[in-house]
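Chemist: Those protein sequence lines, which keep their order, are chains P and G. Residue 73 in the working numbering sits at position 73 of the first sequence, and the numbers go up by one each step. For the working numbering, count along the second sequence from 1 and bump the result up by 1000.
A portion of the hints provided could be inaccurate.
So, partial list: chain P residues that the calculated Cβ filter (under 10 angstroms) puts toward chain G [what the hints assert, rightly or not]:
1. LYS196
2. GLY230
3. VAL234
4. ARG238
5. LYS250
Away from chain G, derived, C-beta distances all over 10 angstroms, residues of chain P [as the list claims (entries may be wrong)]:
6. ARG7
7. ALA82
8. ARG94
9. ALA148
Don't read these hints as lab results, they were simulated from the structure. For glycine and all other residues, C-beta sits at the position ideal for the given N, C-alpha and C.
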Amino acid sequence: MLTFTLRRLLTAIPTLLLISLVIFLLVDLAPGSPLSDVPLTVPPEVRQKMLEAMGADQPVLVRYLLWLKQFFWIEPLYGIDALFGTDFAQGAQRIISWQSKMPVMDTIGERLPQTLTVVGTAYLIGVLIALPIGIYSAYRQYSWFDQAGTFFAMAGFSVPTFFTGNILILIFAVNLGWFPTIYDTNLEVVDWASFKQMLAQMALPVMVLALFNAAEISRYTRSSVLENLGQDYVRTARAKGMGEGKVVLKHVLRNSLIPVVTVIALGLPTVFGGAIVTEQIFKINGIGAMLIGAINVSDLPTVQTVTFIFAVLIVMFNLIADILYGILDPRIRYD
Amino acid sequence: MPDGASPVLDVRGLKTVFKTRGGEIHAVNSVSFHLRPGELLGVVGESGSGKSVTMMSLIGLLPSPPAEVRGGEVLLGGRDLLKLAPRDLQAVRGAKVGFVFQDPMTSLNPVFTVGNQIMEPLMKHMGMTKAQATNRAAELLDLVGIPDARKRLKSYPHQFSGGMRQRVMIAIALACDPDVLIADEPTTALDVTIQAQIIELVKDLRQKLGMAIVWITHDLGVIAGIADRVMVMYGGQVVEQAPVKELFANPRHPYTRALLKTVPALTGARAARLEVIQGQPPILQGEPVACPFRARCAHALPRCEAENPARRAIDGLPVGHGHDVACHWSPEAAHA
């Protein structure tokens, strides 16, 4: 397993390099100029100076190699410096946002916690809701519970989050007035009252995302459990006199979880992408909102860096899914 | 086997119905049989004759719905299993009645160790601690002839061959020292040499442990080698029942006779074609009102259309104890 993990990590390097190049070229091809929000009254020679100052006048390849150096070498050095108070970076040039003229990594560091709190909670709740629903739906196939579960899963999966988000805002925020419509990023949890306020403002976006995730995962769980309930080893477990709880929650579940774990692990990075929409609706200042903002003003370094971080997450969770697969299923051994 | 011994398992008038969209399928029709201590009862019949469904009905292993046990009694140790609450029935399964299934490749859970799966019933029914159960599981593996038993407890099913897995299944079924072992075509999925090994193993274990066995098969050769008594099933009914030697020497039911003819002879000239029984087994819709075999029967009488024959004794002993047959036709009448 260890050699497998190492091998996979090593093969991830060329994959990620290729991904970063493709992203860079795609982002560069996109129309728009980093100076599009600069007033037209600014004379061309000043514009040229501004481009030169940002390094945007350089050829694509030079900018790409520079970005590579900054992302893989200089930014980690700054990271180490921030952690241990050392001075390895020695003031080297960081990846700078063309929009805010701030280091991109610093902005990501500010935005990521908002996204993780909302998206992470939503995903966790989604999984915790989906597993029992999926298992019970399969165990009582075609019961009213299963039918209701199927209906909500279909609805939750096919209705887009920007729609459910607005419906929930209309019901719970506008009509009932229970929760705020806007997520306040500056809120700090210091006491009970602010904690309750935090819960209240998280409730709606978490509900929207959890519904969407639970819908998908519960479907996968249901079909996987259904498939396993008909297997011969389930009959063997019953013939041994095992109770239904043990039959389902031990024998069937362990087998059923193998494909479900893959879905959960591979779904995690896409959740960050899906959260982009939800963050817009609830005005959460997260990483999704940051990406949208950067795309709007052709802030190439930010778009490139955030997109690449998504790519890294996807590759990483792929690996995690493979490793979990091997842990759950003894028939799969990678070395 | 003395005839006076009281049976460990006594099944009377068992009826099992499957409810389907196309109507009810009467898979088991008034099946009665008993099993004396230490006896090996062979159950033969073609696919769909109700052999497995009968045995699974006994201990509530059929999924319900669609299956429904409609009537009859299953007496084990003085209790009617059909009347037990699900929880009490669980205490019987695996403890008093052990089950070995047909396909050892799929009957074991692939993600748990063999040891874990043998220890489960031990801990549940015998109240053993983990350490006690581990010791007992190693003994059981040793008993069914798996070398290096203690080490193999940590193996997963996929690390075992088909024959070894069936040995593990037998170890699980025998774990709690059951009164009755039901073996549902335990050798069908194995190749011939492994079949022989498993049969030898069961013979040997029967000598050592003395449990009664129901052996379901469609291999008449196997039955001839190990059974004390044979029950022939067709269309969800018992059509003939006799001690093994009597059945092979003097088969009465046209189906049994036809079945015996299908066994190719090892000596003499090779037959041009293997014998077959023409036609298809019946679809068991509705309450049976006629003989299920009539359409394929070489000796069908007008009466066979009108009346489902009851089992009748032909040697003076009560039905179920000697040789009995469910047929209107008799060879003597034909020759007279």
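Chemist: If a hint holds in the structure, say so; if it does not, say that too.
Modeler: Results of checking the hints against the structure:
1. LYS196: Violated: closest Cβ of chain G sits about 43 angstroms from P/LYS196, beyond 10 angstroms.
2. GLY230: holds (9 angstroms)
3. VAL234: It holds, given that the least Cβ distance between P/VAL234 and chain G is near 8 angstroms, below 10 angstroms.
4. ARG238: Hint holds; P/ARG238 Cβ to chain G Cβ min 6 angstroms, cut 10 angstroms.
5. LYS250: holds (8 angstroms)
6. ARG7: Check passes; 23 angstroms lies beyond 10 angstroms.
7. ALA82: P/ALA82 is indeed farther than 10 angstroms from all Cβ atoms of chain G, at 44 angstroms.
8. ARG94: holds (48 angstroms)
9. ALA148: holds (20 angstroms)
In the structure shown, a violation is registered for the earlier hint numbered 1 alone.
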